[in-house]
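A.B. asks: The residues making up each chain are set out below.
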Amino acid sequence: MPTTQELIAISPEIILALWALSVMFLDLLIAQSRKSILAYWSLLGLLLAGGAEFSLWGREEILFQGAFVQDNLSLFLDLVLLLATGLSLLMAKGYIKDLEMEHGEYYTLTLFATLGGMLMAGAGDLLIVFLGLEVLSLSLYVLSGFRRTEPMAQEASLKYFLLGAFASGFLLYGIALVFGSTGTTLLGGIAVAITEGGLLGDPLLLLGLGLLGVGLSFKVALVPFHMWTPDVYEGAPTPVAGYMSVVAKAAGFAAALRIFLSAFLQLAGDWTLLLSLLALLTMSGGNIIALAQSNMKRLLAYSSIAHAGYILLGVIALNSWGLSSVLFYLAAYGFMNLGAFAVIVALRDGEREYLALNDYAGLGSRHPLLALSMAIFMLSLAGVPPTAGFLAKFYIFGAAVQAGYGWLAILAVLNSVLAAFYYLRVIVIMYMREPAGQVAKMTHSPALALAIFLAVIGTVQLGLFPAAVVELAQASLFPFLGS
Amino acid sequence: MPGCKTYAILFPAMLQDYLLLAVLLVVATIFPIGGLITAFIIRPHRPGKIKGDTYECGLETIGETWVQFRVQYYIYALVFLIFDIETIFLLPWAVAYNQLGLFSLIEMFIFLALLLGGLVYAWRKGALEWI
Amino acid sequence: MDFVRLVPGFPLLGVVLVALTGRFLGRRGTALVACGAVGLAFAVALGVTGALLQTPPESREVEVSLFTWAAVSDFQVDVSLLLDPLSAVMILVVSGVGFLIHVYSVGYMAQDPGFRRYFAYLNLFVFSMVILVLAGNFLLLYVGWELVGLCSYLLISFWYERKEAAKAGMKAFVTTRIGDFGFALGIFLIFATFHTLDYAEVFGSASQVLTTGLATAITLLLFLGAVGKSAQIPLYVWLPDAMEGPTPVSALIHAATMVTAGVYMVTRTHVLFELAPISMLVVAVIGAATAFYAATIATAQDDIKRVLAYSTISQLGYMFLAVGVGAYAAGIFHLTTHAFFKALMFLGAGSVMHALAGEQDIQKMGGLRWTMPLTSITFLAGWLAISGIPPFSGFFSKDEILASAFASGQILLWLVGVITAGITAFYMSRQVFLVFFGEPRYSQHTAIHAEHRSVPHESPWIMTIPLAILAVLAALGGFLGPVLEDFLGPVFAASEARQSLPPLNEAALIILSVAAAGLGIFIAWLGYIRRGVDPKLVAARLGLVYRLVRNKYYVDEVYHALLIRPVWQAASVLATAVDQAGIDGVVNALGSIMQSAGRGLRRVQTGFVRSYALIFLVGVLLVLAISTLR
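Chains as they are written, first to last, in our numbering: chain D, 1 to 483; chain G, 1 to 131; chain A, 1 to 630.
By construction, these hints were calculated from the structure, which means they are not laboratory data. Each hint should be verified, as a subset may be incorrect.
30 Å max Cα-Cα, derived DSSO-like pairs, lysine-lysine [as the list claims (entries may be wrong)]: (1) Lys364(A) / Lys163(A); (2) Lys364(A) / Lys167(A); (3) Lys35(D) / Lys441(D); (4) Lys97(D) / Lys125(G); (5) Lys35(D) / Lys49(G); (6) Lys97(D) / Lys441(D).
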């Protein structure tokens, strides 16, 4: 029987679950013309959950016999998830109305997906990881096909579902093998079993760990488990694509951090080679293919793949600098990437979206504020000072150098130089090219403007005054690695 | 026992559990196949038209059996699943009710409320209407 | 002294106000906000300098930490401002001259449709430049360095509809980037060596940590940055083209402040430079060579602003000569006086152009001293100052540099300096005589101004008052010399003071350089006032030499042929080969695949997923192989 203390410690998750249900029932009572109330209601839930997270800061609670952990690491990641969710809901409000898919389920599923991510971030047991992953994934399968009359959306949803099920199978198999080897699924228990049972070289355990890695790699879209990403981003509603690119990635890295830090820290030497290879493939693959894209959503899809590769560097470095930089990168990435997606959402004429790169021509003179925001996001994604993206990259690469992976850092810098090319091309097109035909129109909406504004503030804030967030990130990792 | 030592060398401690599984697997395979073989040997063999017909809930089939089903059929199946799960969970709960105490009562009511919510949702969304 | 943060603070506030609310402020309000911001910054700069003077000379160094910018475990970079006599002098020059130029701009840009944009950029520039000089560590210095470059680019191509302006902005950006690249490498090298970017820590431990070779490498890389920013050989080519920007911009950025950033940076890092004698020599030689070289080009230019641009390059060469021989205070002194008289002359040139409807050819001017009395008188003050005629300011600072060069034993460099002084006097006199003396040669057409007056007229008071103030400073600024040297003394205390020369030698040097200046003026007087010698005849007689000088030694053409064209051609080959054949090919192929897939959409779809899953499986095998086999 859960104690009151445990219930309080897990209150953010409970609030979010109840809120998702309440949205579902409210949806039954609200007329179609007033569905946007649900958006505000959902945002209120996010705010409450976020407030609960804040009040729990520093508590370090281990709940339900170790199955769930509410420490600073999970709180930090939860806040990133909640923030990203909030931004994507602000983007979605007008969008789903204009594209005639304003159903209450959109909000319910989004909230459930976030709940899944939060479960992954706080998991103390491999089964909770799996549970969270499935809650997240199932919601995303539906959300990515939310525009169900569109063949593209159907295709995206089905592809994502098939491949996701495939990946889940591997993850589950990995969990089974780890359980077979160590006799427990508790992360802490696994670490104990490895030390006490002398399982360091156990092939069954390594196989299990490898398969776990595959399952999570799919979620964060590492090459070669990335094939679904561009197709799904393109077919999914734009706010969902933005949401997925941040939340699924953050949740995947959250689970990876949890699993590796709590359970497999002793095996660190065994996975660095593999992860280095994956990081290299992911960065280069993502960036090179992104160069040839002419569709904004596909471009950002490949760019998000490349960013997962950069983030992996911090995991490889595995020192306090590296891991706190992973957290910082996720926060920075959340702002700049969702911001870029928000600009795409803004650039539409009711139902018609302008997704081709060439549609951005002349944006600089037609919609100067929107173009300026996009320029900031692109500069940040490219890693130009003094934006959030610059510092995030600076930290991650610095950590890799410090941990002795200088060669990897050099390759990463080369990659980011390559990446600057396609990010800056967007700016060049916006400011220095005249539109060929029809001028892209912009849809005004206060919620969307707020989303873009918040994203700009976040991007600039984390670039100029990162100290507070860096300190939070470092505090999050204190129990695992010491100072 | 000398045999026991060889056994331990051949099968590391961890795999002993799996050996049990393997034995179970073999036994589980032998049983139905053995039954079928026995039946094949001892049964009389007199085929007829009615005997060879497709069995579908005791009704005669009309037309092709290889047809598309209405998607709504699956929605019905899903709604049915709600009650199915309810039963599966309620039964063991009821059996052990005396030992479980107050908390499990509350827990079960939360569970029932959630299921009921799902049913209400499906109902309101028109899943129970045959169009 | 914490108030020093307001020095960059006010201009930043100005940028925000002008950019966000300029629409509601109107022209008058915008001008008031922009000028007020810089004026307040100047007032604060005066205040903190006064406060600095109250403290004993040894402890005149205050570091104001604003916030921690980047911090991870043992590595930390603060955004901190360093106020010491050197940065105090620099912020006074930047905000003071900046304020005068802001005021002048209100009149000069009055009719321009981009009024608000102009003042937003100008305030942003002042902010960036103040950050550059007040930075307490190399990272912030770099940020300021990049920001002023950005502002320079924006302001050069301010009239971006004009093709030359857009091109000039691009040229400036690209050329200075080459220098910045070296500068960034230098900073990386410093970080790799010292594990910190803080000035105090780097300079404090430099003598123990650095070997001569490492010091030479670092300082040469840093100097490459200075060469780009301060337009020295071989990266000076962008500065003359930068004259496409509005004239007050040329005065502020391309004469008084930004281009002197290189001199400031070398002075600031003099601790490192002194550990590398070779670098010092390189700085001095490049400085002297540039001074002479640019001065010769200036003798044969007809564009009023280009003469001044080459003159600026030449004077910057003097400053590098000074810091190269270790006379840092003299370099900063010349930087200050140069800011006065060169800003004055640029603004004067702007005033002349304003009156002649934008005419820039000095051959088409003349006799303006009657129609524009105030502009002429102030311009004459600048002319005498740059020519080095006592007691005008340029005389003192230039003499200080030449004496230092002589005292350090670099007789050859000193000689180049003296000859350059003569050439400088000649080309400036040529310009003054052609513009303000003689008969008016401007046609009626160019003289007609917007107000339909038939003769050129004096500019409005808002433009002439800054001119007058600058003229006073240019005339009397030389007497600041001893004060300045005394004030800056503690900063360079560690480096050995120059050996003072015997008074007789000192006097001989002064007489020599004044004689050179006098000779230059006399030759110009002969050629352009008395017409005793026909300049055209001399030009014809000189033939090849004249053509070389007139065409700026064809350096632009050489760069174009050797560097720009090959790169451009390679790029266009790549563009056609890769972009059209490659990328377009892929795009077209994708398009046709999509079309052919139209019919059996479902089948193709499952096919795709299957191939995705196959790749996935390959990945799984790879992961398993590596994780178990190793």
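A.B. asks: Now tell me, hint by hint, if it's right for this structure.
C.D. replies: We went through each hint and held it up to the structure:
Among the hinted pairs, lysine 364(A) with lysine 163(A) is consistent with the structure: their alpha-carbon atoms are about 24 Å apart, no more than 30 Å. Among the hinted pairs, lysine 364(A) with lysine 167(A) is consistent with the structure: their alpha-carbon atoms are about 26 Å apart, no more than 30 Å. Taken as a hint, the lysine 35(D) and lysine 441(D) pair is honoured in the structure, with Cα atoms around 25 Å apart against an allowance of 30 Å. Taking the CA atoms of lysine 97(D) and lysine 125(G), the gap is near 19 Å; set against the 30 Å cutoff, the hint holds.
Between lysine 35(D) and lysine 49(G) the CA atoms are separated by roughly 60 Å; this puts the pair beyond 30 Å, and the hint is violated. At most 30 Å may separate the alpha-carbon atoms for a hinted pair to count; lysine 97(D) and lysine 441(D) meet this at roughly 17 Å.
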